[in-house]
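Listed here are the chains, written in short residue letters.
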Amino acid sequence: MEKTIHAVINKYNGDETRLMDILLDIQAELGYLSDATIACVAKTLNIPQVNVEQTASFYHFFARAPRGACTVYLNDSVVAGFNGRAAVARAFEEAAGCSFGQVSPDGRIGLFDTACIGMSDQEPAALINDEVFTSLTPARARELVAGLRAGQTVAALKGDRLGDGQNAHPLVRAMVRNNICRRGAIVFDDYQPGAALRRVVAMSSSEVIALVKAANVRGRGGAGFPTGNKWEFARRAPGDVKYIFCNADEGEPGTFKDRVILTELPQLVFEGMAIAGYAVGAQQGLLYIRNEYRYLRAYLEQTLADLRAHHQLGPSIAGQAGFNFDVKIQFGAGAYVCGEESALIESAEGRRGEPRDRPPFPVEKGYLQRPTVVNNVETLCSVVKVILRGPEWYNSLGTAESKGTKVLSVSGDCAQPGIYEVAWGLTVNDILKMAGAQDVQAVQVGGPSGACIAPAEFNRKLAYEDLATGGALIVIGRQRDLLRDVVLNFARFFREESCGSCVPCRALTGMSQLVLEKIIAGQGAPRDLDRLLVWATLMKRNRCGLGQTALNPIVSTIKNFRGLYEQRIKAGDDRFEPAFDLAAAVQDYEAAVAVPQE
Amino acid sequence: MAENTMPKKIIATTSLAGCFGCHMSLLDIDERLLELIELVEFNKSPINDIKEFTKECDIGLIEGGCCNDENVHTLISFRQHCKVLVAVGECAIMGGLPALRNVIPLQECLAEAYLHGPTVADSNPQRIIPHDSDLPKILDRVYPCHEVVKMDYFIPGCAPRADLIWDALVALVTGQELKLTYDTFKFD
Ligand SMILES: Cc1cc2nc3c(=O)[nH]c(=O)nc-3n(C[C@H](O)[C@H](O)[C@H](O)COP(=O)(O)O)c2cc1C
Ligand code: SF4
Ligand code: SF4
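Line by line, the protein sequences give chains A and B. Take 0 as the starting number for the first sequence in numbering that gives the first Met the number 0 and just add one per residue. Take 0 as the starting number for the second sequence in numbering that gives the first Met the number 0 and just add one per residue.
Accuracy of the hints is not assured; some may be wrong.
[Unchecked claim] Selected chain A positions facing chain B (Cβ under 7 Å, derived; list incomplete):
#1 Y463
#2 E576
#3 P577
#4 D587
#5 V592
These are computed hints drawn from the structure, not numbers from a lab. No residue lacks a Cβ here, since even glycine has one placed at the ideal position from N, Cα and C.
Using the sequences and the accompanying hints, generate a full structural model.
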């Protein structure tokens, strides 16, 4: 064990900021992170054991106890639930002989839940030893367990069912499908790798930034921050060492567009990073990508190597002396909050993914306290096209405040879930029509942190000035129990994913889940709705966007679907608590005194 | 202070699963007790030993959570007789110290207390867990008051400082807003 640990740590030159990589690699070798492993890592790195412990315990893909020779992480997202996850889970449990959260008695198979793995258009899906298995059925689950029991490898079980496009690339070989239903004018349009870089080197860095500003490019990660301004801040920030981070954490349930972009157009993303590096004066880039997309690792590494060979990364890019830029890939280990840019930076430094207090902002003091630009995958793609076709063209697409296109991840109850790249400004109805959705009860726009809207609002526009969105649209059909199947799932998600630093976020995500469960069980009191709404105002005091939006699913459904709550709430005297049951509460006591004690 | 034009507000108080520390803190308002008597009239309360409600009350102060069925009945009767119910102190608000037992199954708690505990020794030869129709029944866990009835206000602390109880009472009685300065809710 020690030998393995020392070898891994040596690979990373004993650098404690690489703790994420170190733990991921050690776990790959040893199966899980035992107490002895943690102690040994701490000793070898010469850091306090608690530092290793807190990183290891923060991320849900780090196992502190054995999770089976084959570990099944079955997605627990809303859309997986729509598509029959419960039956698949039961089949896994029966076949493996253990429940979720446990390892089978023979130690072969571990079953675990996991939050959305970015496959909402092909659910139910699971990760089995880092391989993705999509569109699962109970029969397939039984077949998989039987195969694993019989000693078949995960790769063999996957067989030749490969997805479309680069999913079938020899270095990917995944059964994942792209489902690109609509190619728009920017991201999924024609692309010549390197052409934008050749343009850029003919300009000064401030000219590049001026171009991005003139195009009014706004961040696609959700917040819509003007990209040119962000780059300008970082360029002006004092210091010689600066960083460009690409945020591919994509943890918002229902979002999967960055996965498809990275599968089909990784060169475009890396080119965008290099352009950002040129504009900001940064020489090092980092792609922070969620562990769920680990199956893309070899392919992305190869893409980087090819780009270096073509002088589109590395020293003297596009023949320009002094334009040096390279990209490193950093995997996460399962934590939604790491999509928040300062948490992402903490994680990349090897720590718990706990958001930082701001200011200072990452553009001033980010990775290793140096100025750092964090941009979404899609934002970086847009910039490349702005360089090639100019700001006027870019401004001709979209609406007054939202220029260009948006790549949407559409999932749920519709005929054609998948990727739709559309100009900003289309209505929800337009998208529903494209995706073949009928009999729609609600649409969750922007994932759980967004809003759940009713048909009366389907004529609203997708744009920063109306319905802002990071791109996820989950279609919820009439047949669904909105509170139980959707809102409660989101409430659990936020409770699970809160990093726990802020009291309102830590406490109220849990308390609101309990109140919601009470209401769903028919035990709600009328005042419960008022309580939830008051709590939502307290949540605005939290440090980061996770806590600030965590009650949005509840608030937006109370606003738009109040009737669904009222139907379940006990009418009558609001002074008492319907959930309290005295007879049940004294049952244990009566049982304890009923039997004579030995 | 208040002119005697308004009828006095009527207050009731009780200690459920509490230690009486919150009541002690209320008495800790010292000479302001005299002012309080000018403002309010006490009904059911251990302070004056009135055992049953003799009229409808404006304000009920609850110390302690519910650890047995008698606590529940008392709390419900307070809810029925008081317009405004205030949870005073940690025990009423969250269960407090008694709720430490909530992580242990009741059977184990009772066995430790009456059968196996080091202080039991041979003093319970018949190995009886006390039970009698006159004894309250112990609940499966300690419930904070708001899980049983609606609570209108919460005064935090263990016990809440006398000044805080005083300010809260004056605000409730006079209908003026309570000024919550930063040090009111800064505990560390
Ligand atoms: C809880 C949380 C999760 C986030 N997840 C992501 C994510 O997965 N991808 C992303 O690009 N931005 C995410 N963001 C937004 C980032 O903090 C940041 O604004 C974004 O990466 C900036 O890039 P942009 O300006 O190109 O949009 C998240 C924010 C929060 C609060
Ligand atoms: S809001 Fe929640 S997730 Fe964000 S920093 Fe606070 S506790 Fe952590
Ligand atoms: S809150 Fe503190 S003082 Fe009040 S009853 Fe409970 S333990 Fe006693």
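Cross-check of the supplied hints:
| no. | hint | verdict |
| --- | --- | --- |
| 1 | Y463 | violated, 37 Å |
| 2 | E576 | holds, 5 Å |
| 3 | P577 | violated, 11 Å |
| 4 | D587 | holds, 4 Å |
| 5 | V592 | holds, 4 Å |
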